[in-house]
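Trainee: Make the full structure from the sequences, and use the hints.
For the record, the sequence lines run as chains A and B. Everything in the first sequence is counted per UniProt numbering, starting at 1 for the first residue and increasing by one. Everything in the second sequence is counted per UniProt numbering, starting at 1 for the first residue and increasing by one.
Just so you know, the hints here were simulated from the structure itself, not pulled from any lab data. If a hint is listed, it holds; no wrong ones were tucked in.
Identical chains blur together in the list; that is why a pair holds if it fits in one copy or across any two.
Here are the simulated DMTMM-like pairs of lysine to aspartate or glutamate, each with C-alpha atoms no more than 25 Å apart in a straight line:
1. K183 - D257
2. K127 - D60
3. K262 - E276
4. K183 - E103
5. K262 - D346
Protein chains: 2
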Amino acid sequence: MSIETKNIIVEKVKNSKIDQVDFDNLAFGSVFTDHMLVCTYKNGVWETPAIVPYQPITLDPSSKIFHYGQSIFEGMKAYKDDNGDVFLFRPLDNFKRLNISAERMCIPAIPQEYFMEGLITLLNLDKAFIPTQEGSSLYIRPFMFASGNGFHASPASEYKFIIACAPSGSYFSGKVKVLIEEKYSRSANGGVGYAKAGGNYAGQFYPTQLAIDKGYNQVIWTDDTNHEFIEEAGAMNIFIRINDTLMTAPTSDRILDGITRKSILEIAKDQGIKTEVRKISVKEVVEAAKDGSLKEMFGAGTAAVISPISGFGYRDTDYELPELQQSYGARLKKIITDIQYNKSEDKFGWRYKVEN
Amino acid sequence: MSIETKNIIVEKVKNSKIDQVDFDNLAFGSVFTDHMLVCTYKNGVWETPAIVPYQPITLDPSSKIFHYGQSIFEGMKAYKDDNGDVFLFRPLDNFKRLNISAERMCIPAIPQEYFMEGLITLLNLDKAFIPTQEGSSLYIRPFMFASGNGFHASPASEYKFIIACAPSGSYFSGKVKVLIEEKYSRSANGGVGYAKAGGNYAGQFYPTQLAIDKGYNQVIWTDDTNHEFIEEAGAMNIFIRINDTLMTAPTSDRILDGITRKSILEIAKDQGIKTEVRKISVKEVVEAAKDGSLKEMFGAGTAAVISPISGFGYRDTDYELPELQQSYGARLKKIITDIQYNKSEDKFGWRYKVEN
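Mentor: Structure (structure tokens):
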């Protein structure tokens with residue numbers, strides 16, 4: 001059964017697998033909805049996108065995705081309110097960032113109408129998969145990769161743009177303990193750290209595993225030159241509160257321009273919280289931990305939302321953070337999630353209603 | 001038809017596609033042999049490898065290769081001599097480096113017997129595809145990637161190790177003109193530059209495309225801190241001859257430990273050529289070009305063999321290299337390829353005969 005909308009071909013599943021989803025026990029990104037959007041770039045153009053049943057992808061062994069890491073992605077979420085209405089959060093920012101990543105990785109830009117119309121059509125089809133349980137949402141994964149063939153180390157001539165969705169629970173369970181890294185690095189000056197490129201993530205796995213083996217959950221990356229300044233945590237940007245000032249590192253070619261990060265900065269300003277976007281040295285954070293002026297740290301990202309940090313390790317010493325009654329993290333998380341789940345007014349204009 | 005060798009399951013093609021290969025007009029890595037080796041890592045072990053007809057790979061859309069760039073590869077070549085005997089060049093060095101890359105990218109190590117026995121069985125099956133035309137060889141691509149599923153940014157639980165082969169002509173046609181890069185970088189201190197990780201290659205495509213648009217073929221990467229020192233060219237290590245001294249940069253966590261690179265260093269020493277392995281500043285190369293002491297530059301790598309460089313660009317100025325009668329590059333290339341193609345004695349013990 002094929003229905004053609006303005007730009008999208010739709011082939012619906014015969015039998016939904018929604019009955020197999022245990023919505024009360026959702027892990028992160030491990031069960032998927034009935035459909036996915038697939039769009040192919042070939043002969044210099046993006047072909048008409050198609051929504052098809054969620055299904056395997058078949059590629060030649062010489063396909064460049066296997067060899068040269070030419071892949072990028074985005075992370076988004078869809079939220080359902082008590083009326084069953086569906087919302088996205090700043091989706092055009094994800095669209096724009098996807099194409100910024102695409103340019104850096106030599107992947108052709110996806111047209112806005114294919115991205116947005118594809119996403120909305122897909123969400124309407126798979127609306128029943130959007131969970132309403134506290135802390136749950138539909139995690140949306142738009143991604144692009146080199147599907148063209150050949151062992152020559154050069155950009156592919158064919159690409160796939162796909163959107164797949166996974167009803168998901170929390171990314172982290174509980175508070176996160178982090179290790180400030182001094183040996184390994186996430187990205188180079190003039191590198192691809194600001195892009196959501198696949199290789200940025202695989203490169204973090206080994207140092208992260210070493211940190212996990214020592215009892216931490218995540219690594220906080222520092223600059224690769226002297227490991228002097230806090231950068232980001234790979235799966236999230238990092239916020240640090242010293243006394244009453246909330247700080248985060250400036251974006252650069254090494255740091256992802258996080259959508260949650262910039263939203264938090266705006267909400268904090270609106271709330272009258274003093275914010276600073278500046279280079280934050282490891283030294284000042286350690287000193288603030290020692291003298292008690294370090295009040296809290298949290299990570300911010302689409303998957304992680306706002307993840308409180310319980311403490312950090314640095315040079316074989318662990319620093320615990322206090323339990324605050326009035327934490328910025330908890331306050332900002334409530335404001336941002338209330339906007340996302342349509343539980344409050346959205347004075348910023350970030351909420352995006354998905355029309356039927 | 002399945003034949004079981006000691007460790008390898010073999011399923012032969014019904015009809016060879018060798019008649020479709022135009023051996024007199026081989027591009028690099030774009031046509032493939034009849035078979036490939038596939039080995040799956042699952043439940044904590046590498047399963048018995050299988051040689052199967054060259055065929056597509058089918059993966060779930062959430063397979064981590066599409067999202068997190070967890071992939072590595074090697075490049076090797078097989079050569080056939082006038083008697084029809086088949087040779088490899090230092091294959092155990094590729095095997096070892098693959099597992100060094102694997103460790104950095106959190107991919108489980110492949111056992112040596114699976115790699116070597118798999119490779120030899122495959123080469124014997126597809127021996128007829130090894131070209132004998134001048135400058136041609138069978139390019140061998142062992143690669144490993146995350147085939148396990150899920151959107152959580154963490155190492156996969158399943159992997160594939162595959163060897164595919166492509167009868168290939170030269171990687172570069174003619175001399176190469178390079179651009180010394182000052183804005184973009186290939187790798188970070190403490191990063192993954194020494195690994196043959198997929199993402200290291202995709203990150204180079206955009207700056208390389210900018211260089212190609214300006215009339216160059218390749219970028220020479222410099223350190224990401226100050227862009228002061230020559231590192232490598234992405235698809236090859238770089239050798240620089242000033243007066244009669246042949247120099248290359250030391251390997252580091254940013255630079256690939258090239259097998260051609262280290263072989264050339266040994267051959268050059270054996271030939272009485274003065275070699276230096278040390279940091280080479282862009283400044284001294286530019287000054288040597290200006291005063292005429294820069295005699296030659298060439299790239300070295302398995303795919304590129306020894307690729308002479310005709311000149312380089314730096315800060316909007318082009319520097320031409322002289323045409324030498326007695327170039328080190330040509331001399332070393334003849335020695336190394338004579339060893340590889342079994343045309344000379346192999347005093348170094350690098351040639352590896354593939355037994356039937």
